[in-house]
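Participant: Place chain B on chain A using the hints.
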Amino acid sequence: MLSCKELVAHSSDLLDGRLSLRQRLAVRAHLAMCLRCRRFIKQMRLSQAVLRQLPQAPIAELDALAAKLAELRRQQR
Amino acid sequence: MDYPSDSALLARLLAGEEKAFRELVATYQGAMRAVAFAIVGSRNADEVVQDAWLAVVRNLDGFQGRSSLKTWLLTITANTAKTRLKHNRREVLLDDLPGPHGTIGDERFAADGHWLLAPHAWHQDSPDALLTAAELRECLEKTLGSLSELQGSVLQLREREGLELDEICNLLQVSLSNVRVLLHRARLKVFATLEHFEETGQC
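Taken in sequence, the protein lines are chains A and B.
Read in order, the letters of the first sequence correspond to residues -13 to 63 in my numbering.
Read in order, the letters of the second sequence correspond to residues -15 to 187 in my numbering.
This is chain A alone, in the form it adopts within the complex:
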């Protein structure tokens, strides 16, 4: 039987779909019985979503860079 600590250690592999069949079954069995670990996994997924949506700093000099690259390209043709 997987312990909570082991489940946490496997959590990233779970999120990335990298568990072997045997591990997947063990994780599933643990989660079915353990509210705390279910909550942990749910919060890990939420953390992932938060990170995805965290606004990114705007790119400095975007227009200037685009203009320069386009110009270089046109010179090549």
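Incorrect hints may appear among the rest.
Dumping the calculated SDA-like pairs for lysine to any residue here, alpha-carbon to alpha-carbon at most 25 Å [claimed, not checked]:
{"id": "1", "chain 1": "A", "residue 1": "K54", "chain 2": "B", "residue 2": "G89"}
{"id": "2", "chain 1": "A", "residue 1": "K54", "chain 2": "B", "residue 2": "G46"}
{"id": "3", "chain 1": "B", "residue 1": "K126", "chain 2": "A", "residue 2": "Q42"}
{"id": "4", "chain 1": "A", "residue 1": "K28", "chain 2": "A", "residue 2": "R38"}
{"id": "5", "chain 1": "B", "residue 1": "K126", "chain 2": "A", "residue 2": "Q39"}
{"id": "6", "chain 1": "A", "residue 1": "K28", "chain 2": "B", "residue 2": "E119"}
{"id": "7", "chain 1": "A", "residue 1": "K28", "chain 2": "B", "residue 2": "E183"}
{"id": "8", "chain 1": "B", "residue 1": "K126", "chain 2": "B", "residue 2": "T67"}
{"id": "9", "chain 1": "B", "residue 1": "K54", "chain 2": "B", "residue 2": "E183"}
{"id": "10", "chain 1": "B", "residue 1": "K54", "chain 2": "A", "residue 2": "P41"}
{"id": "11", "chain 1": "B", "residue 1": "K54", "chain 2": "A", "residue 2": "L51"}
{"id": "12", "chain 1": "B", "residue 1": "K66", "chain 2": "B", "residue 2": "G89"}
{"id": "13", "chain 1": "B", "residue 1": "K3", "chain 2": "A", "residue 2": "K28"}
{"id": "14", "chain 1": "B", "residue 1": "K126", "chain 2": "B", "residue 2": "K54"}
{"id": "15", "chain 1": "B", "residue 1": "K54", "chain 2": "B", "residue 2": "E119"}
Chain B regions said to be covered by chain A (calculated; three or more residues, Cβ under 8 Å) [what the hints assert, rightly or not]:
{"id": "16", "stretch": "-11 to 1"}
{"id": "17", "stretch": "49 to 63"}
{"id": "18", "stretch": "101 to 109"}
Short derived list, chain B residues pointing at chain A, Cβ under 8 Å [as the list claims (entries may be wrong)]:
{"id": "19", "residue": "V9"}
{"id": "20", "residue": "A10"}
{"id": "21", "residue": "K66"}
{"id": "22", "residue": "L69"}
{"id": "23", "residue": "D80"}
{"id": "24", "residue": "L81"}
{"id": "25", "residue": "P84"}
{"id": "26", "residue": "T87"}
{"id": "27", "residue": "I88"}
{"id": "28", "residue": "L115"}
{"id": "29", "residue": "R121"}
{"id": "30", "residue": "E143"}
{"id": "31", "residue": "V174"}
{"id": "32", "residue": "F175"}
If you're looking for bench data, these hints aren't it; they were derived computationally from the structure.
Every value quoted in this text rests on a predicted model; they were computed, and no experiment measured them.
Even glycine gets a Cβ: it sits at the ideal position worked out from N, Cα and C.
Facilitator: Below, chain B alone, put in the same frame as chain A:
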């Protein structure tokens, strides 16, 4: 071409259309920067990205569409960075720098492996609701800033740019097991930051 969504943009790039280059930079520079960061570090990353863009334009005619545009751009970036690095390739640092809010470590578990300090329910359960707090955004930035260059890049490439683990290994020349360790530890630090904020309301 196997990647139809790229072909329209590619045609416009080949024609030298400025708006197309703007789109290209806006879409991919973040990921390119993460790759450069991981390989040459923060000090030289911007220069590597600039050089990579020039190489991209130089080689645009040779792009065959055998990979996605994104993979091609990131490969060029990684190659540019590695050339820059020449022989002094850094060791892969697996030592974990401490995050500002810690991680989910051994102290959270009893000797039998059960939770000693289990996570509490959070007040918010959507990313939008969580991110409305400006303080949490700053707090997350701080945590991300505390990661090593390699670890921060691995996290960004996986979580924000959606790269597969294998792609990250190839680009950064780090073994799969190392990428998994780096990623897992980074995620736990992000988790600990959110948890800390949810429990205390402050950073």
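Participant: For this structure, which hints from the list above don't hold up?
Facilitator: 1, 8, 9, 12, 13, 14, 15, 17, 21, 22, 23, 24, 25 and 26
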